[in-house]
Amino acid sequence: MKKHVMGWDPAAMDALRVVDVPRVDPETTGNGTPVEKAPDPELGTDIIPAARYYSPEFMAMEWEKVWTKTWLLGGRSDDLKEAGDYICTEIGKESVLIVRQVDGSVRCFPNVCLHRGNRLRPEGRGNAEKFQCMYHHWTYGLDGKLEHIPDLCTFLQGGPPGMSAQPLPCVEWNSFVWFSLNPDVEPFDDFIDPLKQHLEPYHPERMAWKRDITVEWDCNWKTSVDAFNETYHVQGIHPQLKWYLDDINVQIDCYGKHNRYLIPFAAISPRVHMPSQIPPAIYEIMVNAGMDPAEYEGRVSDIRVDVQKFKREHGPAQGKDYSELNDDQLTDDYHYMIFPNVAVNVHSDDIMLFRQRPHATDPNKMYYDIWMFELVPEGEEWPERVKHKRFKHGDKSIGQVLDQDAFNLPTVQTGMQSEYFPGLWIGDQEQRIRHFHKVLDDYIYGPGQKTADDL
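Here my numbering = 1-based position in the sequence shown + 582.
Because the hints were derived from the structure by calculation, they are not lab data.
Source: prediction; values computed, not measured.
Hints are supplied without guarantee of correctness; some may be wrong.
Claimed, not checked - No farther apart than 27 Å at their CA atoms in a straight line, the calculated lysine-lysine pairs in the DSS-like style are these:
| no. | residue 1 | residue 2 |
| --- | --- | --- |
| 1 | Lys971 | Lys947 |
| 2 | Lys969 | Lys675 |
| 3 | Lys902 | Lys969 |
| 4 | Lys947 | Lys647 |
| 5 | Lys675 | Lys902 |
| 6 | Lys663 | Lys712 |
| 7 | Lys647 | Lys792 |
To be verified - Listed next, with one range per pair, are the computed distances between beta-carbon atoms:
| no. | residue 1 | residue 2 | range |
| --- | --- | --- | --- |
| 8 | Gly1009 | Glu895 | 37 to 43 Å |
| 9 | Gly1009 | Glu960 | 42 to 48 Å |
| 10 | Glu877 | Gly706 | 43 to 49 Å |
| 11 | Lys974 | Asn700 | 52 to 58 Å |
| 12 | Glu672 | Ser883 | 45 to 51 Å |
| 13 | Pro743 | His718 | 16 to 22 Å |
| 14 | Pro1029 | Thr993 | 31 to 37 Å |
| 15 | Trp1007 | Met716 | 50 to 56 Å |
| 16 | Ile629 | Gly708 | 42 to 48 Å |
Virtual Cβ for every residue (Gly too), placed ideally from N, Cα, C.
Using the sequences provided together with the hints, build the complete structure.
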């Protein structure tokens, strides 16, 4: 009997059909995004302790061992076009300024005045010639160095050591800017490996901002990370997607710190019968590709491959260069988890990126950043940058699918605090969750050092 790419048998699952999904031959992808199935790591079957989602003690360990030690996503390079452009972003209790320098480089330093601790800028974007503290007018250059202290002669001890804010590591990669709170952080290339080869073929620098939203959710940041690390919940929370994607024939790959899954889009879930007519969501995929669904004469089960063929043939005339992407990438969702908190859905024509940030003091709250980008065809005018919006869960809709996730997560967060719930009971379809927590454990306890008594 044919086995699924993850090793389980689809015929034994709650499915109505066994589907053999056509996939590209790894031998044909060249130097593009790898498609080979990565070996499955040995992750065991232990429960994942519930307390780590609400414990102040575990939250403190995460701050000490993860957030202040690793690389973090700071923003988008095209928000730093000119010298003096800056991004002010927050992670936990810290706030940093990421600034474009006169020489074209970027620098990062804490967003705090060395005098009395005032924040130099509010969270957001802007442009400055200098950063002057509103409190006493201590003034910093674009590089974070102190340029002026009023009445310096009255400070018998002189100015602060080095007369500069603490420089923090900062790099640009693939149209995004990354920073670390750790001056001794590992080289970025070592951290991101092997995802450069995976993600660079999408050329996100050709995509413009479509959405920029921050929502405060009533759950731990890991509760959100887990929700986007598996497709097992599609048949529960997102039933409408069963006529849009195949939630069973999903390839899962784990790579060191990071992981991914490959989900066939423009497909019908094996959990439902094959429809006789084109479902509305797949109809929209065809229209967006430039096809006329009314003239389509093929079977619904053939649409995924036929969309791939159409985009490959007509993409150049539409000003869309798909030359570095394989055929599956023209329809499917290649979904990556970049440790610790970035979920990115990459597609040939758009990117949906979710940055999941911890609350500064409450393990039962988090900030969910929604960044969406859309391919701008060659020759078309670059659209105006969308404005950032910020609100709390329930104040506004963020789209049907994300609303469904947002509605569910607070009840998950509450339920995990029950005395009768020791922890997460994880199946193989949720392997990415187990892998994520293994990496988290390695950061907090050291590789292989977590014991049964640890959270």
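Going down the list of hints, with the structure as the test:
1. Lys971 to Lys947: Distance of about 18 Å is within 27 Å: holds.
2. Lys969 to Lys675: holds, 25 Å
3. Lys902 to Lys969: Holds, because 26 Å separates the two Cα atoms, which is no more than 27 Å.
4. Lys947 to Lys647: Holds: Lys947 and Lys647 sit about 20 Å apart, inside 27 Å.
5. Lys675 to Lys902: Given pair Lys675, Lys902 is violated - Cα atoms ~42 Å apart, limit 27 Å.
6. Lys663 to Lys712: Between Lys663 and Lys712 the Cα gap is close to 17 Å, so the pair holds against 27 Å.
7. Lys647 to Lys792: violated, 34 Å
8. Gly1009 to Glu895: 37 to 43 Å: Roughly 40 Å apart at Cβ, these two residues keep to the hinted range, so it holds.
9. Gly1009 to Glu960: 42 to 48 Å: holds, 44 Å
10. Glu877 to Gly706: 43 to 49 Å: Holds - the Cβ-Cβ distance for Glu877 and Gly706, about 47 Å, lies within 43 to 49 Å.
11. Lys974 to Asn700: 52 to 58 Å: Roughly 27 Å apart at Cβ, these two residues miss the hinted range, so it is violated.
12. Glu672 to Ser883: 45 to 51 Å: Check passed, 47 Å falls within 45 to 51 Å.
13. Pro743 to His718: 16 to 22 Å: holds, 19 Å
14. Pro1029 to Thr993: 31 to 37 Å: Once the Cβ atoms are compared, 34 Å apart, the range 31 to 37 Å for Thr993 and Pro1029 holds.
15. Trp1007 to Met716: 50 to 56 Å: holds, 52 Å
16. Ile629 to Gly708: 42 to 48 Å: holds, 46 Å
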